[in-house]
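Based on the sequences and whatever the hints tell you, model everything.
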Amino acid sequence: ELLLRILAVVRFDRVDMFSVLAALEELESSQIESLAAQLNRNSHYHWLIPVSGEWPIDIQLFGGEPEAGEEEPSEDEYAWKVVIKIKVTETEVIELSTVFDTKNIVNFYLAMPNEQLLAEANAHRGWLFSELQKIGIELGELKIFRKGSGEVSNQYELSNQSGVAKRLLGDA
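So that you can map any letter, position 90 of the sequence shown is 112 in this note's numbering, and since no number is skipped, the others follow by simple counting.
All the pointers check out, no bait thrown in.
In silico lysine-lysine, BS3-like type, Cα no more than 25 angstroms apart, as pairs:
no., residue 1, residue 2
1, LYS107, LYS169
2, LYS156, LYS125
3, LYS165, LYS107
Please keep in mind that the hints were generated in silico from the structure rather than gathered at the bench.
Here it is, written out as structure tokens:
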């Protein structure tokens with residue numbers, strides 16, 4: 023409400039005003055979705071993180087709620103999914119889907135928009151594995167692939183993924 027009052031006083035071009043109003047509607051929509059998720063005993067958070075001189079980073083965080091008809095997840099099966107989208111050019115976006123579970127196992131699924139970024143990501147697999155080991159997190163699965171390609175780079179396979187984590191990945 024305060025932002026709308028400020029907008030009424032500030033003079034914007036018509037195009038800029040529509041952009042600001044669209045951003046406010048998007049913010050309000052995210053808040054309503056988050057509240058609805060909380061009322062259903064689920065968790066969903068969404069942030070657009072501004073980066074100076076670049077496009078914002080889009081981050082979504084989902085709680086590992088059970089599917090309809092399933093029982094509540096036990097503490098051992100609860101998982102969090104994080105989806106990060108980073109726009110690198112006007113038309114290209116890096117998409118990362120990560121699932122964390124209570125057993126300190128993390129799964130990464132990384133969709134790269136071009137061959138150069140795909141090669142760079144594949145070159146840093148060892149570094150990622152090493153950094154996760156340093157902080158006591160096990161890498162269950164790491165898949166790096168070119169967006170729109172059926173080929174998936176599978177260096178790490180997961181054998182002990184929980185049912186909740188599998189379902190969350192399917193939602194990605």
